[in-house]
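Participant: My request is simple: use the sequences and hints to build the entire structure.
Sequence order for the protein chains is A and B. Numbering follows the UniProt record's numbering, in which position 329 of the first sequence is assigned residue number 329; successive positions increment by one, without gaps. Numbering follows the UniProt record's numbering, in which position 136 of the second sequence is assigned residue number 136; successive positions increment by one, without gaps.
Don't read these hints as lab results, they were simulated from the structure. Everything numeric in this text was worked out from a predicted model, so none of it was measured. Incorrect hints may have been included.
[Stated by the list, open to error] Calculated lysine-lysine pairs in the DSBU-like style (CA-CA distance at most 30 Å, straight line):
#1 A:K182 with B:K182
#2 B:K259 with A:K259
#3 A:K259 with A:K80
#4 B:K86 with B:K10
#5 B:K10 with B:K93
#6 A:K182 with B:K117
#7 B:K80 with B:K33
#8 B:K182 with B:K382
#9 A:K34 with A:K80
#10 A:K117 with B:K182
#11 B:K259 with B:K10
#12 A:K382 with A:K182
2 protein chains.
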Amino acid sequence: MTVTERTLVKNLAALEDGPVTVRGWVDTVRDQKKVQFVVLRDESGAVQLVNPRNDETEQIATTISGLAQGSFITVTGELKHDERVKLGGIEVKLTSLTVETEAIPETPIAADSGIDKRLDWRFLDLRRPEMNLVFRVQTTLEHAWRTWWVENDFIEIHTPKLMASASESRAELFEVEYFEGKAYLAQSPQFFKQMAQPAGFGRVFEVGPAFRADPSFTSRHATEFTSVDAEISWIDSAEDVMRMHEQLMVAGITAVKEKHGAEIAELFGVELEIPTLPFPRIPLAEAKRIVAERGYEVQRADDDMDPEGERQIAAYVKEEFGHDFVFLTDYASSIRPFYHMRHADDPSLTQSYDLVYNGVEISTGAQREHRVDVLIEQAKEKGLDPDELGFYLDFFRYGVPPHGGFGMGLSRVLMLMLHQSNLREVVYLFRGPTRLLP
Amino acid sequence: MTVTERTLVKNLAALEDGPVTVRGWVDTVRDQKKVQFVVLRDESGAVQLVNPRNDETEQIATTISGLAQGSFITVTGELKHDERVKLGGIEVKLTSLTVETEAIPETPIAADSGIDKRLDWRFLDLRRPEMNLVFRVQTTLEHAWRTWWVENDFIEIHTPKLMASASESRAELFEVEYFEGKAYLAQSPQFFKQMAQPAGFGRVFEVGPAFRADPSFTSRHATEFTSVDAEISWIDSAEDVMRMHEQLMVAGITAVKEKHGAEIAELFGVELEIPTLPFPRIPLAEAKRIVAERGYEVQRADDDMDPEGERQIAAYVKEEFGHDFVFLTDYASSIRPFYHMRHADDPSLTQSYDLVYNGVEISTGAQREHRVDVLIEQAKEKGLDPDELGFYLDFFRYGVPPHGGFGMGLSRVLMLMLHQSNLREVVYLFRGPTRLLP
Numbered sequence: 001m002t003v004t005e006r007t008l009v010k011n012l013a014a015l016e017d018g019p020v021t022v023r024g025w026v027d028t029v030r031d032q033k034k035v036q037f038v039v040l041r042d043e044s045g046a047v048q049l050v051n052p053r054n055d056e057t058e059q060i061a062t063t064i065s066g067l068a069q070g071s072f073i074t075v076t077g078e079l080k081h082d083e084r085v086k087l088g089g090i091e092v093k094l095t096s097l098t099v100e101t102e103a104i105p106e107t108p109i110a111a112d113s114g115i116d117k118r119l120d121w122r123f124l125d126l127r128r129p130e131m132n133l134v135f136r137v138q139t140t141l142e143h144a145w146r147t148w149w150v151e152n153d154f155i156e157i158h159t160p161k162l163m164a165s166a167s168e169s170r171a172e173l174f175e176v177e178y179f180e181g182k183a184y185l186a187q188s189p190q191f192f193k194q195m196a197q198p199a200g201f202g203r204v205f206e207v208g209p210a211f212r213a214d215p216s217f218t219s220r221h222a223t224e225f226t227s228v229d230a231e232i233s234w235i236d237s238a239e240d241v242m243r244m245h246e247q248l249m250v251a252g253i254t255a256v257k258e259k260h261g262a263e264i265a266e267l268f269g270v271e272l273e274i275p276t277l278p279f280p281r282i283p284l285a286e287a288k289r290i291v292a293e294r295g296y297e298v299q300r301a302d303d304d305m306d307p308e309g310e311r312q313i314a315a316y317v318k319e320e321f322g323h324d325f326v327f328l329t330d331y332a333s334s335i336r337p338f339y340h341m342r343h344a345d346d347p348s349l350t351q352s353y354d355l356v357y358n359g360v361e362i363s364t365g366a367q368r369e370h371r372v373d374v375l376i377e378q379a380k381e382k383g384l385d386p387d388e389l390g391f392y393l394d395f396f397r398y399g400v401p402p403h404g405g406f407g408m409g410l411s412r413v414l415m416l417m418l419h420q421s422n423l424r425e426v427v428y429l430f431r432g433p434t435r436l437l438p
Numbered sequence: 001m002t003v004t005e006r007t008l009v010k011n012l013a014a015l016e017d018g019p020v021t022v023r024g025w026v027d028t029v030r031d032q033k034k035v036q037f038v039v040l041r042d043e044s045g046a047v048q049l050v051n052p053r054n055d056e057t058e059q060i061a062t063t064i065s066g067l068a069q070g071s072f073i074t075v076t077g078e079l080k081h082d083e084r085v086k087l088g089g090i091e092v093k094l095t096s097l098t099v100e101t102e103a104i105p106e107t108p109i110a111a112d113s114g115i116d117k118r119l120d121w122r123f124l125d126l127r128r129p130e131m132n133l134v135f136r137v138q139t140t141l142e143h144a145w146r147t148w149w150v151e152n153d154f155i156e157i158h159t160p161k162l163m164a165s166a167s168e169s170r171a172e173l174f175e176v177e178y179f180e181g182k183a184y185l186a187q188s189p190q191f192f193k194q195m196a197q198p199a200g201f202g203r204v205f206e207v208g209p210a211f212r213a214d215p216s217f218t219s220r221h222a223t224e225f226t227s228v229d230a231e232i233s234w235i236d237s238a239e240d241v242m243r244m245h246e247q248l249m250v251a252g253i254t255a256v257k258e259k260h261g262a263e264i265a266e267l268f269g270v271e272l273e274i275p276t277l278p279f280p281r282i283p284l285a286e287a288k289r290i291v292a293e294r295g296y297e298v299q300r301a302d303d304d305m306d307p308e309g310e311r312q313i314a315a316y317v318k319e320e321f322g323h324d325f326v327f328l329t330d331y332a333s334s335i336r337p338f339y340h341m342r343h344a345d346d347p348s349l350t351q352s353y354d355l356v357y358n359g360v361e362i363s364t365g366a367q368r369e370h371r372v373d374v375l376i377e378q379a380k381e382k383g384l385d386p387d388e389l390g391f392y393l394d395f396f397r398y399g400v401p402p403h404g405g406f407g408m409g410l411s412r413v414l415m416l417m418l419h420q421s422n423l424r425e426v427v428y429l430f431r432g433p434t435r436l437l438p
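Facilitator: Next comes the structure, spelled out in structure tokens:
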């Protein structure tokens, strides 16, 4: 698609020397006595513009001398390949320069600004090549996932984010004024993606927002996040969900490595590895024994893992199997939602898993309980009122196939893939308890 | 991806006669004296199962006699090609039948139930082949759009749905209890997709929910809808946005026709046509003259079109150009948001358009005003307080390229593509002023 006469910076190197038009923003200006240099950046890269000062170029020289960093400009000039130019071995000798919009000269953030300051000015922070790359990686990753799903006969759904009641827990629920009454923001698409099963959709996926009124300020939580969900019919156990899940991860990482591997290595110092199939699977109880043997005792009152435990088991898996991923399986019923199916021979355990990537949990998956009488019992046991769950329980009363699926945090995957320590770095606009702006 | 030993119904016809396993739900049962027939349906189609009654098949016969419609079953049997069988020329002679989940025998909806009743039981309504097709079409359409965007270097973004203030109008805003304060649900991703322009992303797209506290009950409005958005840098006018938009529509419809054209003709009686490029463009003032000449006077106090006017101009375009689409351009500044750019030579008109498809508006697009001083003036003129828009106005103060884009209702496109008269038919779960369930 060509909208205007314009060459993207990334495409310049392949052109022969000659006239070009380039459009982007001013990254830096070196205003010297005999020659001026401007580094222009666009969505695809950076290029050096050059203006030797003489009588003919005086007008351009004056404009350049007044150029504020960040201003958007359109330039024409003569492209010249020159190995001595550090920046890509090319430069553009200016014949014209038009300032499209002038920037305020004082940039409010610097390279060493803290994350909160940078988030205040996220639109400037996103101009950094690393940030630009994050979202190109996101684009490639999602497209690879969706392509895999489409090729495997999945149906894409968009479930409502406005609900009459909670889908996960009443504790972290946002309340909405809804005409004369109340609505709640979906904490996950759980109930509605399950609805696709009695609806006979077979296999579904969704990528969309989810909301948690979680007051915590950790580096890996947000009040709004992009949830990647899939749900499939006719499974025999959680194993079938894991098989789908691991194939999906391989498809995504393969596409990202192919398209951005070199750039990720350059800008993030990360050599992406395509994981081998199958991913290691370790029952949670065994994982805890392994971690304990490594000298770490999980510090939790319940049966769950903790973040250090996840790091430890990931380190073990990396050492033993050379793998970045591990499925922790068979979580205790006591710490899983009522809709997880339990083992037939040991109801204290569920047909569920967490997927850990580079030491951090990115996803929870499970086979769902589809027998309505068992489901009601499990809900009661968790202190839930089956009457409040009425619409959800109806899904199971008119026939439903055995099914299961997972929910996964998109930004967590990106954070771990690019070895970032804070989710905020890889979310377009972060939302937390004290952040609604910009 | 094979999860379990199972053949999808749509793949049976290509198999040779022999043993098969099929899984799905009971569509109908004909329980005759000498032979029993069951139509089994799955996500891909329907197949006839047959059980001749004799001593050997008595157990299966008893199960079939007790089968409730909608129950999910697993069957094995002998596939046989037989041209006399109406349903696809194949049938499966049963060797086993397992009921996975029994349905309540009384189905709460019938083929002639009204839309509200059917929405109460949407998960059963979605079992109808037409409904299944709607969402397979949705999947193909979205994937074709995203593929086109990805091939054209667009970046996919997920903008926050929780905002500190309104993005469109204060009138139709949902308020959220946000910890100690308030937040609002995004009425569109407008401000945030524009933010990608000063961020230097170049071209972006998003498919995600948008929320309007619109109390109306028309056949084409919802309080939550899936918005399809794109925004591109370095345009010269709204014409560049339309060029992108029309190419996208062609890519989508081409993919849908290729994959589902025959089925759409069969189930909806619609012969999909791939629109020719370019789509007709008619300035709104001219469209009104044409409609008036056809004997219809637009009944509005302001300068806008009305639904009947849209139908009339669409009929005109169909007669004159044989086209299903028309861009109505150059809407009056008085009825467009403050962020639409106005014509340099006539500030009473905007660089904007509506896209009309089969007689109904599906999208609004425009070049955006990127000059911050002009933007502030236009905001004031609309009675908005620039201080409240502070974070948005900042996007334009540090440099921004000329840009524009569109927002489009996904379900409107589907509704019009499949000649449905009510949006509720093509939304997975409709949300309206009095509907939050299921």
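Participant: Check the hint pairing A:K259 with A:K80 against an upper bound of 30 Å on the C-alpha distance.
Facilitator: holds, 27 Å
Participant: Are B:K10 and B:K93 close enough, with their CA atoms no more than 30 Å apart?
Facilitator: Answer holds: B:K10 to B:K93 is near 17 Å, not above 30 Å.
Participant: Hint check: A:K182 vs B:K117, CA-CA at most 30 Å. Holds or violated?
Facilitator: Holds, at roughly 22 Å.
Participant: Starting from B:K259, check that the Cα of A:K259 is at most 30 Å away, please.
Facilitator: At roughly 28 Å apart (the allowed maximum being 30 Å), A:K259 and B:K259 satisfy the hint.
Participant: Please verify whether B:K259 and B:K10 have alpha carbons no more than 30 Å apart.
Facilitator: holds, 14 Å
Participant: Taking 30 Å as the top limit, are the C-alpha atoms of A:K117 and B:K182 close enough?
Facilitator: holds, 22 Å
Participant: With a cut-off of 30 Å on the C-alpha distance, tell me whether B:K80 and B:K33 pass.
Facilitator: holds, 22 Å
Participant: Do the alpha carbons of B:K182 and B:K382 lie within 30 Å of each other, as the hint requires?
Facilitator: Holds, because 24 Å separates the two Cα atoms, which is no more than 30 Å.
Participant: When you check the alpha-carbon spacing of B:K86 and B:K10, does it fall within 30 Å?
Facilitator: Holds. B:K86 to B:K10 sits at ~15 Å (cutoff 30 Å).
Participant: Taking 30 Å as the top limit, are the C-alpha atoms of A:K182 and B:K182 close enough?
Facilitator: The hint holds at about 15 Å.
Participant: Hinted pair, alpha-carbon criterion (30 Å max): A:K34, A:K80. Please report holds or violated.
Facilitator: holds, 19 Å
Participant: Checking one constraint from the list: CA of A:K382 to CA of A:K182, max 30 Å. Satisfied?
Facilitator: holds, 24 Å
Checked against the numbered hints above, the structure violates none of them.
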